[in-house]
Amino acid sequence: MALDEKIYELRREKLKQIEALGQQVYPRKYEFTYTIPQVLAEYSEKTAEQLENPRVTVRVAGRIMAIRLMGKAGFAHLQQDGKRLQIYVKKDAVGEKGFELYKLLDLGDHIGVSGYLFRTRTGELSVHVEEITFLSKDLLPLPEKWHGLTDVELRYRQRYVDLVMNPEVREVFLKRSKLVQSLRRFMDGQGFVEVETPMMQPIAGGAVARPFVTHHNTLDMDLYLRIAPELYLKRLTVGGFDRVYEINRNFRNEGLGWRWNPEFTMLEFYQAYTDYRGVMELTQQLIEQAAKDVTGGTKTKWGEDEIDWSGSNWRRMTMREAIIQHWPEAAGAKPQMSDFASSGAVESLVKRFNSAHAHVAYDPKDPTGKTIAALFDAAAEGYLIQPTIIYEFPTAVSPLSKQKADEPDWTERWEIFAGQMEIANGFSELNDPEDQRRRFEQQLQERERGDDEAHQMDEDYIRALSYGMPPAGGVGVGVDRLAMLLTDSHTIRDVILFPLLRPEKIVTTEDAVEREK
RNA sequence: GGGCGCGUAGCUCAGCUGGCAGAGCAAUGCCCUUUUAAGGCAUGGGUCGAUGGUUCGAGUCCAUCCGCGCUCACCA
3 MALDEKIYEL
13 RREKLKQIEA
23 LGQQVYPRKY
33 EFTYTIPQVL
43 AEYSEKTAEQ
53 LENPRVTVRV
63 AGRIMAIRLM
73 GKAGFAHLQQ
83 DGKRLQIYVK
93 KDAVGEKGFE
103 LYKLLDLGDH
113 IGVSGYLFRT
123 RTGELSVHVE
133 EITFLSKDLL
143 PLPEKWHGLT
153 DVELRYRQRY
163 VDLVMNPEVR
173 EVFLKRSKLV
183 QSLRRFMDGQ
193 GFVEVETPMM
203 QPIAGGAVAR
213 PFVTHHNTLD
223 MDLYLRIAPE
233 LYLKRLTVGG
243 FDRVYEINRN
253 FRNEGLGWRW
263 NPEFTMLEFY
273 QAYTDYRGVM
283 ELTQQLIEQA
293 AKDVTGGTKT
303 KWGEDEIDWS
313 GSNWRRMTMR
323 EAIIQHWPEA
333 AGAKPQMSDF
343 ASSGAVESLV
353 KRFNSAHAHV
363 AYDPKDPTGK
373 TIAALFDAAA
383 EGYLIQPTII
393 YEFPTAVSPL
403 SKQKADEPDW
413 TERWEIFAGQ
423 MEIANGFSEL
433 NDPEDQRRRF
443 EQQLQERERG
453 DDEAHQMDED
463 YIRALSYGMP
473 PAGGVGVGVD
483 RLAMLLTDSH
493 TIRDVILFPL
503 LRPEKIVTTE
513 DAVEREK
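With positions in the first sequence counted from 1, the corresponding number in the numbering used here is that position plus 2.
Rather than coming from a laboratory, the hints here were simulated on the basis of the structure.
Since this is a predicted model, take the numbers as computed values, not measurements.
Among the hints, erroneous ones may be present.
[Stated by the list, open to error] When the alpha-carbon atoms are kept at most 27 Å apart in a straight line, the in silico DSSO-like pairs for lysine-lysine are as follows:
hint, residue 1, residue 2
1, K16, K147
2, K85, K31
3, K93, K18
Put together the whole structure using the sequences plus the hints.
What follows is the structure, given as structure tokens:
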């Protein structure tokens, strides 16, 4: 029998003994008068004398995180909402049965206590317990109290244990919650309407990515989990929602990595009668405000660096300028703007870059714009720590964006980078149905060339545009990545409660029960 | 998918060039009525990720597989 099974059996036995003492083993509720954080907030500053006169009686509940028995008295720490309060249990005060119950308690059990507040000899605020109520048993042993749970696999697989043991993990997810609140408050304040659009779509559009496929039985049809809500939100602008947003999950069937999880959360919004410049300003304000709301300031730690989110620190440059600026010395003279104008010139840029530096995958069949975008990723992205807006993206990689009036190979599109990550993407929305059809057709050619991530044709979307979509700017903001940046988390799994892992073979707790029979 | 690394008690970790599988916490029993990484005495706990192989002998060396991490590729 494995050790944890022995402990499991032993603690089930204790449950029976607890029941024999007249306690309910899984009671329905407990009426408390304070949460533990409330007790700490209200009484941490009070002196021993102030607590004596008049005495403050409290009823609190929590999980036992430390327990020390000393003959006929003992101490324990109860944890609630990530905070701990010490309790003092004396046989004289709780009686024979109460003390028997105390001795049957284990680390991890939930109890409620009533008693009065006092300070111990060493000065710690504590509850002098007069009554203990058993609330729930921890049948499996918690990890070690010093190091807690550090094994990353166990932390992700058993996040519930991670959250019990590691208060800083709890803090990260509280901050994530604040972030989402902040984003909503900002958008609502700007007059945007929050909507929900389909997660299951017959055509996975609005982004360039491989989708997950699922199947609806009654309709006998395949559906895709959405890779973006974009095309539905823009249908809504056709319908007269001039300012809409959605905060929800997207699903992309691609590799995992420190910035990639197959399901991730996006804030996406569309604003009629403005263009990429308008939503650029708005998004910058949105993010600066989020940093303030989550961290209380505009400067956040990012590994060895500090990111300053205040408006004056943001940089802006075009994609071409960024490639020029971060061009590696070993690759020779910096490119000229004219070097981006022809496929031949771009090809020689890639050759120079690759000879000096790492590798940009170069496929001569790829559109020139796609190669330039790859060159940007390789040359510049790694240097973009401080918030930076990169604008003017190649038309070839931007099938839903308006072209620049004077340079049709380039679009009115931008992305925000920080901490070497892309965190937002916005553009002037392409609303000419005939142009949109041509772009989709170009994407179909890409698809036929073997790019299964190229955008599919969406006839209903073109029909919607044909009814007239107002000029608009649209933006997607990666909520998980923003949460990473604001909590100094260097893997996306640390800001997703239950990240995707391979399934494990689980040993059920019933095994122990079975073996007893 | 490629490369590198890791997997030993419930948890955190030692275990040297192959030679009796260890520590702390947790657990069990006893003592202890203001302790706090409480303390003292005693006890139990292992398919060393799995399967093969080399060897007199494998936690240790080799191969394969499984799981995890890092990294490269892929990835609006």
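Going down the list of hints, with the structure as the test:
1. Distance hint between K16 and K147 is fulfilled; the C-alpha atoms sit about 22 Å from each other, no more than 27 Å.
2. A threshold of 27 Å between alpha carbons decides the hint, and for K85 with K31 the separation of about 21 Å falls inside it, so the pair holds.
3. This hinted pair checks out: K93 and K18 have alpha carbons roughly 21 Å apart, not beyond 27 Å.
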